[in-house]
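With the sequences and hints as input, model every part of the structure.
Protein chains in written order, with the numbering used here: chain Z, 1 to 315; chain U, 1 to 237; chain G, 1 to 354.
Because the hints were derived from the structure by calculation, they are not lab data.
A portion of the hints provided could be inaccurate.
As the list claims (entries may be wrong) - The calculated DSBU-like cross-link candidates involving lysine-lysine, where the alpha carbons are at most 35 Å apart (straight line), are:
(1) 219(U) - 184(Z)
(2) 72(U) - 184(Z)
(3) 154(U) - 194(Z)
(4) 324(G) - 18(U)
(5) 52(U) - 184(Z)
(6) 171(U) - 194(Z)
(7) 72(U) - 194(Z)
(8) 112(Z) - 57(U)
(9) 302(Z) - 98(U)
(10) 194(Z) - 52(U)
(11) 198(G) - 112(Z)
(12) 112(Z) - 342(G)
(13) 302(Z) - 194(Z)
(14) 184(Z) - 154(U)
(15) 184(Z) - 3(U)
(16) 199(U) - 28(U)
(17) 246(G) - 112(Z)
(18) 302(Z) - 216(G)
(19) 175(U) - 184(Z)
(20) 18(U) - 194(Z)
(21) 194(Z) - 175(U)
(22) 98(U) - 112(Z)
(23) 112(Z) - 336(G)
(24) 194(Z) - 3(U)
(25) 112(Z) - 18(U)
(26) 18(U) - 198(G)
(27) 98(U) - 260(Z)
(28) 194(Z) - 198(G)
(29) 98(U) - 194(Z)
(30) 107(U) - 184(Z)
(31) 184(Z) - 18(U)
(32) 52(U) - 98(U)
(33) 194(Z) - 57(U)
(34) 28(U) - 184(Z)
(35) 52(U) - 112(Z)
(36) 171(U) - 154(U)
(37) 302(Z) - 198(G)
(38) 107(U) - 194(Z)
(39) 112(U) - 194(Z)
(40) 63(U) - 194(Z)
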Amino acid sequence: MLIVYGGEEMEFFQAILNMSASSLAQHFVNGFSLGSLYALIAIGYTMVYGILLMINFAHADIVMMACYFAFFGITVFHIPWYLTFVGVIIATAILGVVIERTAYRPLREAPKNSVLISAIGASFLLENLANYLFSGRPLSFPDIPLLSQNIAIGEVQIQAICLVIPVMTFLSLAVLLHIVNHTKTGMAMRAVSKDYEIARVMGVNIDRVISTTFIIGSALAAIGAFMWGVRYPGITPYLGVMPGLKCFIAAVIGGIGNIKGAVLGGFILGLGEIFIVAFFPQLSGYRDAFAFIVLIIILFYKPTGLLGVKTTEKV
Amino acid sequence: MLKVENLVVSYGGIEALKGISLEVPEGKIVTLIGANGAGKSTLLRSIIGLVKPGSGKISYEEKDITGLNSQKIVETGITLVPEGRRVFPNLTVLENLKIGAYLRNDKDGIEKDIRWIYDLFPRLEERSWQMAGTLSGGEQQMLAVGRALMSRPKVLMMDEPSLGLAPLVIKDIFKIIQEINNQGMTVLLIEQNANMALKIADIAYVLETGRITMTGTGKELLENPEIKAAYLGKKKD
Amino acid sequence: MKNKRDILLTVAGLVVLFGAACYAQFEMGSYVRRIINLCLIYAIIGLSMNLTNGFAGQFSLGQAGFMAVGAYVVGIFTVPVELRPNVFYAEPMNPLIADIQMPLWLAQLVGGLLSALIAFLIGWPVLRLRGDYLAIATLGFSEIIRIVITNAQSWTNGALGIKDIPALNDVRYIFIATAITFLFVTCLINSSYGRAFKAIREDEIAAEAMGVGLFKHKCMAFMISAFFAGIGGGLYATLLGTVDPKNFLFTLTYNFLLIIVLGGMGSITGSMLGSIIVTAGLEYLRVFDEPLELFGMAIPLFRPGFRMVIFSVLLMACVLFWRKGIMGTNEFTWEKFMAFCKNPVKYFTQKGAN
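In structure tokens:
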């Protein structure tokens, strides 16, 4: 076995040794940024799954729509980017709630598969709507020189946005954890995620709690989308699809329903994806498959996720 | 105070309550006993608004509360200790109590009531930072009662509080029910453990497959030979 | 248990339909024939998806991937050897397979079998998963299959796709393939295996308690479904004459999702009806993609992409308001047909009474 795989092993070590410190640092920065973006989007998936036990397939497409909103705000309507940023967050949050009200709430009592199909349908509708309204031609996310400029740190060239992304992510995470753990609304959200019937008996307004969850998830997705656009400027109607799948997988890896787990999963996938391609450039076509492989491994060895808790199912 | 008239409730395709009427006067302990599947839980769930009745009327202090949603019903002062405790396992003991007071805004009042609950249930105070999911069955039952009391209810409904608990713990729970009642609380108690329930009840109803078949004071039913035979274990002659 | 009368009627019905296929083959234009063929192929794949999703209750979104496997097997092995260097111009075909050429029927069979094998490999880790996890995992594998196809240049010609696949668009051939598929699945559903699938769909834990081997049956449904999806994919390849990884994006799976939701998840007849409506609909909705002029004014709504918007709205409307679809879990039976023929009005009012 060693003889057969010796070639690849040698390549790997050569890759590490040949890679200079600055290259390594560069890849780390890229991976960390990507991981932060994944983390922001994964939080939305994990929160909705924690409360409604469903995969919000449309979440990825909300990210996509946020990018289009930003495009229209800055490039078409010439609104300053920092104002557009706020506007995009608000617009995306509204979109998230609209989807919840129209596609998910009517099916709350229906069998599980129905809401899954509805989520798929909502996702499909958003993609086709974007394709129809904005045409399938890739649009260019507006350039924001303050964020897209390159900063030199030592030998490493970093895009300014790469410094902003992790800061935004951790800031958002801190705010979110405060809300969830130290406010009445957050307590209600945690209660609803475990037993929504008895939460109702406590007087909690379930509909409002669920809407709040979607607002938070969508707002985070909008923040992520905006920064994604600066980093990867090509916007198409299908830009959310692959990242969406990966971000859900990130949420599963970290333990579905667990916010910190989603962040952890996001970083694992982001860093892993960048470094695999860095060390094995011949595998770059397969970079999207990395997430699914990690998914399979996790589902085999720790199906509840890295930070997840085993729950017994009563028959 | 709480009045149910000709309530008909269907649940999962089956008519669980076939037109029952009962009354819970203020300050009394009323118990409803019956076998598994008789429809007892369905009654409480209808009153608290989790299940919509097919027909009939539920009124509280002369006001019609039939078919209202849970939030409104809890606001009027009725609360439920659910079957199987159903504390929130991912919230601490203290948070469970706080969420019982979800509809209240008076911080000082809530602090005082938490103190009251801790005095009633010292074990809960010991564990106030623990996740409710890690408590024992008896402790969870105490927490569920405490949580219900936090909304300062006027009517406390309890669904099978003795279920799954050790006999000594059951004794404690029933002592506390009586103590709360002495402090003025109206109690509607549902039990399979007919013995304990009838001992503390002022008024008792028997529910059999969706219908009330007998009513009387707790003592009367304890002595009743039919009840003895069906629910209390007749002595061998 | 089909009784003699039903079997005779079914055979007679098939003969009549075959006659219709012959008529279509010789009398109708190529555009209509193409739509009929596409409809039949979509019916096969829709039925395969209904087998896992509708009957066994396993929410799989992997049909596009299995289709791709079948399509590519056909593509790789049926292009005449002498034409291959022309197709594989960027990187020569892998010498292991460069000289193997199979007749169409064999390639399709191999395609189906390979799909089933891959389904087995995927199923082993994935079928333990519950509902939504299974959906994501199968979706992911469908994409992985597509990624592998896009990258394995010497085997599949990568992103360039394969062209010059010998065409087969004989309605009769495709009709026979469809008929065999439908007959097989009908027999399967009516057998003890079919009852096991439905038991699993209704309540897995209870089914397991009754002794139904969960994994064995889930795997069986999954593999058979993949087999027919592969067959459908192979037919699709010969219909198009080319294959391209971009044909098999997971959004293709959504077409079949609409077919089975519209037709009724858990109804074989529904899959056929759903396919007819969706395929015909997709074609005739093309009118929405073209600019429309009324009274000399261009209506601004009608432009490319509108068709798919309507399509997705239809899917949403279906799942929100009409979850059961056309057939629900009912099937076409000869008894119902005869009752309908004898007295159509009574048939519908009686159904209402039931």
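Do the hints match the structure? See the list:
1. 219(U) - 184(Z): Violated, at roughly 45 Å.
2. 72(U) - 184(Z): holds, 19 Å
3. 154(U) - 194(Z): holds, 27 Å
4. 324(G) - 18(U): Holds - the C-alpha atoms of residue 18(U) and residue 324(G) are around 32 Å apart, at most 35 Å.
5. 52(U) - 184(Z): With Cα atoms ~29 Å apart, residue 52(U) and residue 184(Z) stay inside 35 Å; holds.
6. 171(U) - 194(Z): holds, 30 Å
7. 72(U) - 194(Z): holds, 22 Å
8. 112(Z) - 57(U): Given that 35 Å is the threshold and the Cα spacing comes to 34 Å, the pair holds.
9. 302(Z) - 98(U): The given pair, whose Cα atoms are some 34 Å apart, holds under the 35 Å limit.
10. 194(Z) - 52(U): holds, 23 Å
11. 198(G) - 112(Z): This hinted pair holds, its Cα atoms lying about 16 Å apart.
12. 112(Z) - 342(G): violated, 40 Å
13. 302(Z) - 194(Z): Given pair residue 302(Z), residue 194(Z) holds - Cα atoms ~21 Å apart, limit 35 Å.
14. 184(Z) - 154(U): holds, 24 Å
15. 184(Z) - 3(U): holds, 34 Å
16. 199(U) - 28(U): Holds - the C-alpha atoms of residue 28(U) and residue 199(U) are around 13 Å apart, at most 35 Å.
17. 246(G) - 112(Z): holds, 31 Å
18. 302(Z) - 216(G): Given that 35 Å is the threshold and the Cα spacing comes to 23 Å, the pair holds.
19. 175(U) - 184(Z): holds, 33 Å
20. 18(U) - 194(Z): Holds, at roughly 32 Å.
21. 194(Z) - 175(U): Measuring from Cα to Cα gives roughly 30 Å; hence the hint holds.
22. 98(U) - 112(Z): holds, 32 Å
23. 112(Z) - 336(G): holds, 31 Å
24. 194(Z) - 3(U): Holds: residue 194(Z) and residue 3(U) sit about 32 Å apart, inside 35 Å.
25. 112(Z) - 18(U): It holds: about 31 Å lies between the C-alpha atoms, which stays within 35 Å.
26. 18(U) - 198(G): Answer holds: residue 18(U) to residue 198(G) is near 34 Å, not above 35 Å.
27. 98(U) - 260(Z): The given pair, whose Cα atoms are some 24 Å apart, holds under the 35 Å limit.
28. 194(Z) - 198(G): holds, 30 Å
29. 98(U) - 194(Z): Between residue 98(U) and residue 194(Z) the Cα gap is close to 16 Å, so the pair holds against 35 Å.
30. 107(U) - 184(Z): Holds - the C-alpha atoms of residue 184(Z) and residue 107(U) are around 12 Å apart, at most 35 Å.
31. 184(Z) - 18(U): violated, 40 Å
32. 52(U) - 98(U): holds, 28 Å
33. 194(Z) - 57(U): holds, 32 Å
34. 28(U) - 184(Z): Between residue 28(U) and residue 184(Z) the Cα gap is close to 34 Å, so the pair holds against 35 Å.
35. 52(U) - 112(Z): Judged against 35 Å, a Cα distance of about 22 Å means the pair holds.
36. 171(U) - 154(U): Holds, at roughly 23 Å.
37. 302(Z) - 198(G): holds, 30 Å
38. 107(U) - 194(Z): holds, 26 Å
39. 112(U) - 194(Z): Between residue 112(U) and residue 194(Z) the Cα gap is close to 28 Å, so the pair holds against 35 Å.
40. 63(U) - 194(Z): holds, 33 Å
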